[in-house]
Amino acid sequence: MFQVRIHGRGGQGVVTAAELLAVAAFDQGRHAQAFPSFGSERTGAPVVSYCRIDDHEIRTREPIDAPDAVIVQDVTLVHHVDLFGGLSPSGYVLVNTSLPLDELGLDGRVEALPDGHVAGCPATELALAHVGRAVPNVPLLGAFCALTGEVPLEALARALRHRFTPEVAERNVAAAGAAFDLVTDLEEAHRAPTA
Amino acid sequence: MLQQLEGSRAIAETVARCRPEVVCAYPISPQTHIIEAIGAMVKDGRLAPCEFINVESEYAAMSVSIGASAAGARSYTATASQGLLFMIEAVYNAAGLGLPVVMTLANRAIGAPINIWNDHSDAMAVRDAGWIQLFAETNQEAADLHVQAFRLAEALSVPVMVCMDGFILTHAVEAVDLVDQAVVDSFLPPYEPRQVLDPDDPVSIGAMVGPEAFEEVRYLAHLRQLDALELIPSVAEEFAALTGRASGGLVHPYRLEDADTVIVAMGSVLGTIKDAVDARREAGERVGVLGVAAFRPFPVAAVADALRRARRVIVVEKAFSLGMGGVLATDVATASPASGPDLATVVAGLGGRPITRRDVEGIIERSARGTLPRLSFLNLDEDVVARERARMAASRRSGPFAENVLRDVAAGGAHR
Numbered sequence: 001m002f003q004v005r006i007h008g009r010g011g012q013g014v015v016t017a018a019e020l021l022a023v024a025a026f027d028q029g030r031h032a033q034a035f036p037s038f039g040s041e042r043t044g045a046p047v048v049s050y051c052r053i054d055d056h057e058i059r060t061r062e063p064i065d066a067p068d069a070v071i072v073q074d075v076t077l078v079h080h081v082d083l084f085g086g087l088s089p090s091g092y093v094l095v096n097t098s099l100p101l102d103e104l105g106l107d108g109r110v111e112a113l114p115d116g117h118v119a120g121c122p123a124t125e126l127a128l129a130h131v132g133r134a135v136p137n138v139p140l141l142g143a144f145c146a147l148t149g150e151v152p153l154e155a156l157a158r159a160l161r162h163r164f165t166p167e168v169a170e171r172n173v174a175a176a177g178a179a180f181d182l183v184t185d186l187e188e189a190h191r192a193p194t195a
Numbered sequence: 001m002l003q004q005l006e007g008s009r010a011i012a013e014t015v016a017r018c019r020p021e022v023v024c025a026y027p028i029s030p031q032t033h034i035i036e037a038i039g040a041m042v043k044d045g046r047l048a049p050c051e052f053i054n055v056e057s058e059y060a061a062m063s064v065s066i067g068a069s070a071a072g073a074r075s076y077t078a079t080a081s082q083g084l085l086f087m088i089e090a091v092y093n094a095a096g097l098g099l100p101v102v103m104t105l106a107n108r109a110i111g112a113p114i115n116i117w118n119d120h121s122d123a124m125a126v127r128d129a130g131w132i133q134l135f136a137e138t139n140q141e142a143a144d145l146h147v148q149a150f151r152l153a154e155a156l157s158v159p160v161m162v163c164m165d166g167f168i169l170t171h172a173v174e175a176v177d178l179v180d181q182a183v184v185d186s187f188l189p190p191y192e193p194r195q196v197l198d199p200d201d202p203v204s205i206g207a208m209v210g211p212e213a214f215e216e217v218r219y220l221a222h223l224r225q226l227d228a229l230e231l232i233p234s235v236a237e238e239f240a241a242l243t244g245r246a247s248g249g250l251v252h253p254y255r256l257e258d259a260d261t262v263i264v265a266m267g268s269v270l271g272t273i274k275d276a277v278d279a280r281r282e283a284g285e286r287v288g289v290l291g292v293a294a295f296r297p298f299p300v301a302a303v304a305d306a307l308r309r310a311r312r313v314i315v316v317e318k319a320f321s322l323g324m325g326g327v328l329a330t331d332v333a334t335a336s337p338a339s340g341p342d343l344a345t346v347v348a349g350l351g352g353r354p355i356t357r358r359d360v361e362g363i364i365e366r367s368a369r370g371t372l373p374r375l376s377f378l379n380l381d382e383d384v385v386a387r388e389r390a391r392m393a394a395s396r397r398s399g400p401f402a403e404n405v406l407r408d409v410a411a412g413g414a415h416r
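The listed protein sequences derive, respectively, from chains A and B. This note's numbering numbers the first residue of the first sequence as 1 and each following residue consecutively. This note's numbering numbers the first residue of the second sequence as 1 and each following residue consecutively.
Chain A with its partners taken away, still in its complex shape:
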């Protein structure tokens, strides 16, 4: 089972992100379960959503305490929420930022992850450029596809086309693709020195 926890704020599409990821995994013939952790919903408040992906039926209903991947949609949460609680030592971290990761003050649990398991992605900027709205969820999902290989970009694109009207879907597909390419390049640049 692969478990993803997504942290962000109300209005950033945190819940939609988990749903899209589940639909993309389902598209690949896998079992998937997405669910939110709702508080009293309001714009700007911290929000968490979850997505489980497995090759077998998923029966558990507990929240994800030990994620294999954490997606951080809003980096201002770093000092307010235990973003990386329970993260697998071989897990992945993806952060919405245009800054170098070492300037963000992420903690030792992130630094200890394997090489190539941590990435930053300027998802808000990509969303503004391609979609015209500062909603970073879809570019981060594109980046997630590149970082983890858990879901192919094509499956995400189909999930987007299933969810949105054609014009909005294509803009989102473009944003996801741009983020996918960025992280793929990062990963390759990361591997290059040792090659």
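Calculated from the structure, these hints are not laboratory results. Just so it is clear, CB atoms sit at the ideal spot from N, CA and C, and this is done for glycine as well. Among these hints, one or two may not hold up.
[Said to hold, decoys possible] Okay, the calculated bits of chain B under chain A, using three or more residues with CB under 8 Å as the criterion: (1) 95-103; (2) 271-282; (3) 348-362.
[Stated by the list, open to error] The calculated SDA-like cross-link candidates involving lysine to any residue, where the alpha carbons are at most 25 Å apart (straight line), are: (4) Lys43/B - Val168/A; (5) Lys43/B - Gly44/A; (6) Lys43/B - Arg163/A; (7) Lys43/B - Phe164/A.
Fit chain B to the given chain A structure using the hints.
Just chain B now, kept in the frame of chain A:
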């Protein structure tokens, strides 16, 4: 065809395929998405002929559902928590009058203190109202149960409540195979009311009944509940023959064959419990699960039969009767033979507190060691409780206890 859908969407699509003629509901979390989706389908004509009636309260929603049903319309509504309590007089009336309204209950805790998250307090508050109460384990089962609910309700002239865990199911996106329209149509014939308000053939419904006949009328309603004990399994079997799915029925046994310890529970927590039981089975322990799918009528004989070999029974339930203990557990105890198993109640998941596989395995371990009390509260923070008891003892004006506990928890002794 399997689709990856939000639970609320699966319910709305399935209810629409049941062709309700009147839908009247008032929005309340976590039921809202169901009603929004049905409202949209009525508005864009996908669900027709159907009237969606906007009202000012849950009391009005159930009252309109009663009126519509009495006028011969297939009627549907949905609510949760305080909304159910607000309509409770009409909830009793729907059952007392024998009107086959179907209602989704998106299970949520009851205040005060106000809490929007899941537990089963709302369903338990109306367990004696005369409705059939069915509990869903998954969104697949919740969707399927709605088709069966209309069939049961109309066959028996008894209202049916489909209980599904708020947020945990209503807001979960998972694979659901919606029942095809043709299958629903073959399974669910057009509504043929036993009583109907018809100007051409006038009757009165809802007369005053005094001591000379009240007991007989009540007893007849009880007999219809007992009839439901026969009909629920046969409707589930017929549904299974059409769809291949074992949704509904009275109870869901899991790995009970040689189980000496059996956990009894209702709703979505059964999935987590099954994972825990599989883990303990791998460790060589003889543990099983009994899911109670029909809570009212309570399947006394089916529960007794399922528990006949058990030496230890653990009821895990998301509600309790203050000053007494478990609600489901009391019914399970009634169904157990006098020389029966040791019975322990674990109250868990109140107000949305998570129940994890590790929690359930811990319960099983304590039961095996003989250290599980007859009544316990999962992950209760005894220190927080003790500190508030001390504040109350120390000062007459100790203040509101919910707020005191919140401040205490925020200050450090926090449950996550």
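A quick look at each hint next to the structure:
no.: 1; hint: 95-103; result: violated (count 0)
no.: 2; hint: 271-282; result: holds (count 4)
no.: 3; hint: 348-362; result: holds (count 4)
no.: 4; hint: Lys43/B - Val168/A; result: 24 Å, holds
no.: 5; hint: Lys43/B - Gly44/A; result: 32 Å, violated
no.: 6; hint: Lys43/B - Arg163/A; result: 20 Å, holds
no.: 7; hint: Lys43/B - Phe164/A; result: 20 Å, holds
In terms of the numbered hints stated before, the structure departs from hints 1 and 5, listed from lowest to highest.
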